[in-house]
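S.K.: From first to last, the protein sequence lines are chains P and H.
Per this note's numbering, the first sequence starts with residue 1, numbered consecutively.
Per this note's numbering, the second sequence starts with residue 1, numbered consecutively.
Calculated from the structure, these hints are not laboratory results.
Keep in mind it's a predicted model, so treat the numbers as computed, not measured.
Just so you know, not all the hints are guaranteed correct.
Claimed, not checked - Once the Cα atoms are required to be at most 30 Å apart in a straight line, the calculated BS3-like pairs of lysine-lysine come out as:
#, chain 1, residue 1, chain 2, residue 2
1, P, Lys41, H, Lys100
2, P, Lys37, P, Lys56
3, P, Lys3, P, Lys57
4, H, Lys100, P, Lys104
5, P, Lys68, P, Lys57
6, H, Lys100, P, Lys57
7, P, Lys57, P, Lys67
8, H, Lys11, P, Lys107
9, H, Lys16, P, Lys40
10, H, Lys62, P, Lys3
11, H, Lys15, P, Lys41
12, P, Lys37, P, Lys67
13, P, Lys104, H, Lys15
14, P, Lys3, P, Lys104
15, P, Lys40, P, Lys56
16, P, Lys41, P, Lys104
17, P, Lys40, H, Lys78
18, H, Lys78, H, Lys16
19, H, Lys100, H, Lys11
20, H, Lys100, P, Lys68
Spelled out, the chains give:
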Amino acid sequence: EDKVVQSPLSLVVHEGDTVTLNCSYEVTNFRSLLWYKQEKKAPTFLFMLTSSGIEKKSGRLSSILDKKELFSILNITATQTGDSAIYLCAVMGGAGSYQLTFGKGTKLSVIP
Amino acid sequence: EAGVVQSPRYKIIEKKQPVAFWCNPISGHNTLYWYRQNLGQGPELLIRYENEEAVDDSQLPKDRFSAERLKGVDSTLKIQPAELGDSAVYLCASSVTNGKLFFGSGTQLSVL
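Bound-form chain P, shown alone (with noise of 0.2 Å):
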């Protein structure tokens, strides 16, 4: 079965910390990994992941792909309160290849 695993599944942090958000996955068929933000109803796109090693940065958020240790991260510096919000990682694959499978999500609270 395909698994999505985050940590840690909470964090309280002050403005100007930077945080690294994990994202590990047992996934058949990868194709890619998602990070979005959540932070009502509707996720937010952030990061499309495909490749080893190669960092994608938007800003002050960053996220790499490990396909051999099967992991990503993202990271975030200099965090402000608007970046409070549930961040979600998820993996297309599976079965069916184009399934995406979504952890259970990092809830990231940045207090002034």
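Fit chain H to the supplied structure of chain P, relying on the hints for placement.
M.R.: Same frame as chain P, now just chain H:
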């Protein structure tokens, strides 16, 4: 560009009543997904369509849930009869094949 549109935003019903959700995907997106998200969990796939064909409905509780995407564009998800445990957020998403998913704002269902 219009995003994925879902309605209604909220629905409160009594158990054993029927309920239906509607989704209009992004124009040109051939793949449409219905996910269910319980509190504190990641989204779980209910059904995935490629155009009008349901290519993955293995997680859809077929005794009470049904879905259709008749013309390969918008879709409806129905529950009949609803049970207390169906209370959740129902998310619709769309994508081009193998592409990143774009989510709608979801429908929050409360079954009393």
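S.K.: Could you run down the list of hints and mark each one as holding or not?
M.R.: So, going through the hints one by one against the coordinates:
no.	hint	verdict
1	Lys41/P x Lys100/H	17 Å, holds
2	Lys37/P x Lys56/P	15 Å, holds
3	Lys3/P x Lys57/P	26 Å, holds
4	Lys100/H x Lys104/P	19 Å, holds
5	Lys68/P x Lys57/P	21 Å, holds
6	Lys100/H x Lys57/P	17 Å, holds
7	Lys57/P x Lys67/P	18 Å, holds
8	Lys11/H x Lys107/P	26 Å, holds
9	Lys16/H x Lys40/P	28 Å, holds
10	Lys62/H x Lys3/P	23 Å, holds
11	Lys15/H x Lys41/P	23 Å, holds
12	Lys37/P x Lys67/P	22 Å, holds
13	Lys104/P x Lys15/H	27 Å, holds
14	Lys3/P x Lys104/P	10 Å, holds
15	Lys40/P x Lys56/P	25 Å, holds
16	Lys41/P x Lys104/P	14 Å, holds
17	Lys40/P x Lys78/H	23 Å, holds
18	Lys78/H x Lys16/H	13 Å, holds
19	Lys100/H x Lys11/H	28 Å, holds
20	Lys100/H x Lys68/P	23 Å, holds
Every hint, counting from the list given before, is met by this structure.
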